[in-house]
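Engineer: Single-letter residue listing:
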Amino acid sequence: MKEIVIISGKGGTGKTSLTAAFATLAAKRGKAVFADCDVDAADLHLVFAPEIRERHEFISGHVARVDPKKCLSSGEDGSCSKCIELCRFGAIKHSYKTGCEVDEGSCEGCGVCVKFCPTSGIDFIDRRCGEWYVSDTRFGTLVHAALDTRAENSGKLVTTVRKEAKRVAEGQGADLIIVDGSPGTGCPVIASITGADAVVIVTEPTMSGQHDLERVASLARHFAIPFSVIVNKADINQTMADATESWCARNGVPFLGMIPYDRAVTKAQIEGKSVIEHQIKCGVDKTGNRDVSQLIAKAWDLLC
Amino acid sequence: MRIAVASGKGGTGKTTIAVSLALSAPGNVQLLDCDVEEPNAGIFLAQRDTSESPITVPVPVIDETKCVACGECASFCEFNAIVHIGTTVMVFPELCHSCGGCALVCPSKAIHEEPSAIGMLTTSEVPRYGLPPLDFYQGLLTIGKAMSPPVIRAVKDRAIKDHAVKDSADCFTIIDAPPGTSCPMGTAVTGADYVILVTEPTPFGLHDLDLAVKTVRKMGIPFGVIINRSDSGDDRVVDYCARESIRILMQIPEDRRVARGYSEGKPLVMSAPEYRKKFTALAELLVGEHQ
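Chains as they are written, first to last, in the numbering used here: chain H, 1 to 304; chain C, 305 to 595.
Bear in mind the hints are in silico, worked out from the structure with no lab data behind them.
Possibly wrong hints are sitting among the right ones.
As the list claims (entries may be wrong) - Listed below are the simulated DSSO-like cross-link pairs for lysine-lysine, each with C-alpha atoms no more than 27 Å apart in a straight line:
id : chain 1 : residue 1 : chain 2 : residue 2
1  : H       : 156       : C       : 522
2  : H       : 156       : C       : 518
3  : H       : 69        : H       : 31
4  : H       : 163       : H       : 28
5  : C       : 518       : H       : 82
6  : H       : 69        : C       : 522
7  : C       : 370       : H       : 93
8  : C       : 518       : H       : 115
9  : C       : 413       : H       : 115
Claimed, not checked - From the structure, some residues in chain C lie toward chain H, with a derived Cβ separation under 8 Å:
id : residue
10 : 357
11 : 358
12 : 408
13 : 413
14 : 445
15 : 483
16 : 487
17 : 525
18 : 566
Beta carbons are placed, not taken as given, at the ideal position from N, Cα and C, and that holds for glycine.
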């Protein structure tokens, strides 16, 4: 079984649109399972239109909560500020009415305040960080998730989604998992790519795109994961796109091709379709729609 | 006044807006690139007097001559950054959240903390035509490091410190936040007086805008929306803003000049100079409302 993860470094390069296009091609050729690991701003479901089959709460780590009855700082004679002094995340504030209070969004869940509160007045409760789902879609099974607002542990949620996708794929005898990753180089991205068979980096021909490509390529190298590159919206600046291709050649990075900018991609998204499906319905038009689909299909052939 | 420029979805134009606002706002301006995993604002700025300093976090170091391998530290650590096997205690600094708990719980005082580099802070000055120069701060997370919030906090702390030294009460601080709505975004936006949410008129843009709106509402910070490439999709974002009584601060139609300029590292207000006035007016409007 092969697991391919699509990432971008920079946001908005077309990662999810391309993942949906790849999914259409993969579903035509065999059995595949899909995972949306951009848990922080998951969008793949907007194209996949999933029918949720399983819904699971994602509980990870803890959060501190002060019991006002036990807090020495509540009321008028309050003078204890042990938890505030010890908290390195500025997550505890003092109010004269209720005593110490934890801002859950800032709480790291380290447990220092819980341990050192002189009256044992701080509870350490399980933290709900979001939900994850197993769903039926027209392409195959999709494992996806939604992180709660300002939640922590996005990396762990990504790991959960990937693990579940693998389990589903094994159960179904699928030979391919396609993963939509998240932008950046931090915690959720590291969790998305570690141990994957192949990474595809979607970039755009801009200085920002090239800068972010180089950083995320270093990340893939750091974790020794093979990766290839595809340039989206290539004709925004063909010179930059060519420069990216030469950069790949110089660095021994497989180059999957260039996709021109096409409003059909946005149109397809508005209709809740992948750009490949959009073409099937609308036929080939003079906007170069067919070219986009063909070029994506060519890239997919190179990849698999 | 402190303004954060954020968005749920990546690539909607956060940096474009933050840079344009920073180049057009009157008075003393600070621009903080807090998208530390992929900082891009610097690409658009003519920086001078650049200086760099490492950003560190404290991580535990165990003095083996004092350690009795009791395992208190390992069982306390919520992040599995310390592992206790038999008579050995091992530290995994990359998992450490720098809470300091292990040093506090160690009964034989065998743990102290040492700084470990996780990123780089770059400060510079950017000349602005007819305006005081811009103070620019950029945080950069080292490749392979997972946790961006401490780097974001370091950038903000430094800017606040500089601000205090200058004692310029009228300073206008702009924070270019990372995408998403989880801890890095929350860390960047915390403490802001106003948030500008940048979106695009597509289903992905709308879906992620809604997540960002919920986040900012939960944080209790006033906000408005800028719709970038405003004619590239459909009307659902505009309808959503009307329904939710959200103010649309600006709409920027798709423009080949701007896209081309962006690709070459040229700020919006230079590829399309007519926007300079609009951003100056936006800065004045937000400051006026804040006072």
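Engineer: Of all the hints given earlier, name the ones this structure violates by number, lowest first.
Structural biologist: Hints 3, 5, 7, 8, 10, 11, 13 and 17 not satisfied by this model.
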